[in-house]
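There are 2 protein chains.
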Amino acid sequence: MIKQSSAGIYSWLPLGFKVMKKIEKIVREEQNKIGAQEILMPTIQSSEIWKESGRYDDYGDEMLRIKDRQDREMLYGPTNEELVTDIFRSSIKSYKSLPQLLYHIQWKFRDEVRPRFGIMRCREFYMKDAYSFDLNDDEAVFSYNKFFLSYLKTFKRLELTAIPMAADTGPIGGNLSHEFIILADTGESKIFTDKRIFDLDSEGSIIEKKSLENLRKKYERFYSVTDEKFDKEEFEKEVDKENRLITKGIEVGHIFYFGDKYSKALNAAVDLPDGKKDYVKMGSYGIGVSRLVGAIIEAKYDDKKEIMKWPLSIAPYELAIIPMINKNDTSTLEKASKILKHLENNNIDTIIDDTDENLSSKIKKFNLIGVPNQIIIGKKSEGDTIEFKEIGKDTQNLTIEQIIKILTEQKANN
Amino acid sequence: MIKQSSAGIYSWLPLGFKVMKKIEKIVREEQNKIGAQEILMPTIQSSEIWKESGRYDDYGDEMLRIKDRQDREMLYGPTNEELVTDIFRSSIKSYKSLPQLLYHIQWKFRDEVRPRFGIMRCREFYMKDAYSFDLNDDEAVFSYNKFFLSYLKTFKRLELTAIPMAADTGPIGGNLSHEFIILADTGESKIFTDKRIFDLDSEGSIIEKKSLENLRKKYERFYSVTDEKFDKEEFEKEVDKENRLITKGIEVGHIFYFGDKYSKALNAAVDLPDGKKDYVKMGSYGIGVSRLVGAIIEAKYDDKKEIMKWPLSIAPYELAIIPMINKNDTSTLEKASKILKHLENNNIDTIIDDTDENLSSKIKKFNLIGVPNQIIIGKKSEGDTIEFKEIGKDTQNLTIEQIIKILTEQKANN
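Protein sequence lines correspond, in order, to chains A and B.
The working numbering applies: residue 16 is where the first sequence begins, and numbers increase by one.
The working numbering applies: residue 16 is where the second sequence begins, and numbers increase by one.
Since the hints were made in silico from the structure, they are not lab data.
This structure is a prediction, so every number in the text was calculated from the model and none was measured.
Among the hints, a few may not be true.
To be verified - Only pairs whose alpha carbons sit at most 27 Å apart, straight line, appear in this in silico DSSO-like list of lysine-lysine:
#1 A:LYS123 x B:LYS123
#2 B:LYS40 x A:LYS48
#3 B:LYS394 x A:LYS111
#4 A:LYS18 x B:LYS292
#5 B:LYS111 x A:LYS18
#6 A:LYS123 x B:LYS40
#7 B:LYS380 x A:LYS111
#8 A:LYS426 x B:LYS48
#9 A:LYS224 x B:LYS356
#10 A:LYS315 x A:LYS426
#11 B:LYS292 x A:LYS342
Based on the sequences and whatever the hints tell you, model everything.
Here it is as structure tokens:
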């Protein structure tokens, strides 16, 4: 699905690419639903605006610094607060045009000393980052809460239970921040929660100030922090013993509110109704799109059974046809091709494995690739019924029409 | 639509972004139709494979060279022959898996001394590049011809007349190459053609060896070259005086066949039926996606009338509603909102200009933005009819239902 091309840098092969594009599409749709507008900023930035904000020196060695042929200082963007603020200040002049929610989905680069965990922590990575611009704190928190809801919905569609946890604001700075974390033994983040938070969801919340405030409150009723924010005494006071959960997780999203930190430094102000000017209040909101591919594998891979199953919404294909192929007998391959055609006519996205590996190693391979359904055409396949298996469940002998019915229902429920 | 962020590097604002994404979608669909598979290679490459091919030193200053924190030599890919060959050699071992047509759409960087013509010749640009891998010359030319057809179809869907012209193979090397060029007075390429070539199209061609050979022959019957390949004597001998056309154009696509130039250098060989091994034969095929945005503006902008009109297939919106807005009278804005809703219910992608600029400057602005249809709500707008204008045509007073009918027909014909 992917291939390392150099340390911490990967190429996406057809299957991995399809998964990432489907994740990107879901992320995009949920951004659009809260009224965010898509733009696209370049990967290479000038150092000028980073000097204006004061971060050019602060950012350290993770920033990939570049000199072009004319010896100008450039950099490969690790994040885009400066650039988006520059776009904002040159196009928005009045409070009437607020709020502005802008996002883009673009490649970024952080020059990690030790890139680890494959695509989970690479140097070149694909990320959705959004930025909000508001008139005052109250409106800005409303924007923040829109993303809070949007993130809960995004991760739910990816079939992930991602818990928002109070987090440190780190090098981006600010005073309000949540990390969205999914549980995984291999995770890098240590987390401390009241386990009842896992029963919550965003059901019933709408994009309206009060509703979103209530959603935030509902989640904040339960203790849940990363180790940066952990306070043992507080944890033990607030959480009954039977509800305490100390475990590991993977960060898949991060939202920040940082007020006028960048708008002040970069002079991004708007005209107010009374004729004065004020700096806009900003937040930033990230989802690691390429990282999610890895995170979902961590969450959905069953290492005991050696089985991976992608959520249907982002699976590279809905179904894999795996025929047993003998050198001198093309009958199974012909049968497979016939079934493929029939399924495609019914809008079922299908892949066929026409390699001449032996059947059991092909099945094993597809158990790892994680296409959620399999049709196996072996010697046994005679008559009208076909061996069909939803990954992780038992094999059934069904007619092609029965299989189409099952797959169509899977999609309708998705 | 776009904003320069530093020399030769641009940010794409919502309208420009929408146009580019629509172009990208058409390019992608036409690649998929000839059986090309989409992958995604990173922007940052290691220098190692470029040293293997010998191009690391040859490429010159246009290559953006980077050192990471561990002092490793990296570069921002200006093209991907090496990287895709590396992917090929590590995954394809047998002639049975040929042909392979792989493409990706990714940001690239060429450090031009003098970036010019806005997004037409930037340093960071978005490009589709495809690569073909075949067993022998004959099969490789079949692959080449598939892209030849695909490019004609792609540009036709973009409502561009792009003419394939014999071209020099330049730094990528090889012996067979066509540039696809559209006419434009502002173009950088000088071209020499038999003007009858503009009457040709790919109608009736199918993805089959003979059919594609005939298509190539049909085009090659007429003289058409860029200045690199120009030979005055030949031109005047082959083209009658009345058919000679010497003018300027913009290159929007480029296809190359270069045989085993890279496969040999990088040792990309496959097992043959007779047990021997041979280097695969490769071609590469580029379309400048971000450049096309600029090229289409050049082709479609009427500088006498100061009117731009996007082809419907890639227009940022189908229709703009432009109401006259007075401080103390919100009735036109209310009317506009009502119309917007009605149009959206009929799947017409509409933008409304709710700024309080004066009406004539708003109309002028939208004449430049190039949304192909306008509804103007001024003082005159009374009763059931609305002022409707297809850009470049006369204003008509129509009912909303008549307008919907016109717009629906426009789409059906597209």
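Results of checking the hints against the structure:
Between A:LYS123 and B:LYS123 the CA atoms are separated by roughly 14 Å; this keeps the pair inside 27 Å, and the hint holds. Between B:LYS40 and A:LYS48 the CA atoms are separated by roughly 22 Å; this keeps the pair inside 27 Å, and the hint holds. Proximity of B:LYS394 to A:LYS111 is assessed by CA-CA distance (about 24 Å); at most 27 Å being required, the pair is judged to hold. About 24 Å separates the Cα atoms of A:LYS18 and B:LYS292, which keeps this hinted pair within 27 Å; it holds.
In summary, the hint linking B:LYS111 to A:LYS18 is supported, as the alpha carbons are separated by about 22 Å, within the 27 Å threshold. Straight-line distance between C-alpha atoms of A:LYS123 and B:LYS40 comes to about 23 Å, which keeps the hinted pair within the 27 Å bound. Taking the CA atoms of B:LYS380 and A:LYS111, the gap is about 20 Å. The hint holds against a cut of 27 Å. Taken as a hint, the A:LYS426 and B:LYS48 pair is honoured in the structure, with Cα atoms around 26 Å apart against an allowance of 27 Å.
A distance of roughly 24 Å separates the Cα atoms of A:LYS224 and B:LYS356; the hinted pair therefore holds under the 27 Å criterion. Pair hint A:LYS315 plus A:LYS426 holds up; C-alpha atoms about 19 Å apart against a cutoff of 27 Å. The suggested pairing of B:LYS292 with A:LYS342 holds, with an alpha-carbon distance near 21 Å, which does not exceed 27 Å.
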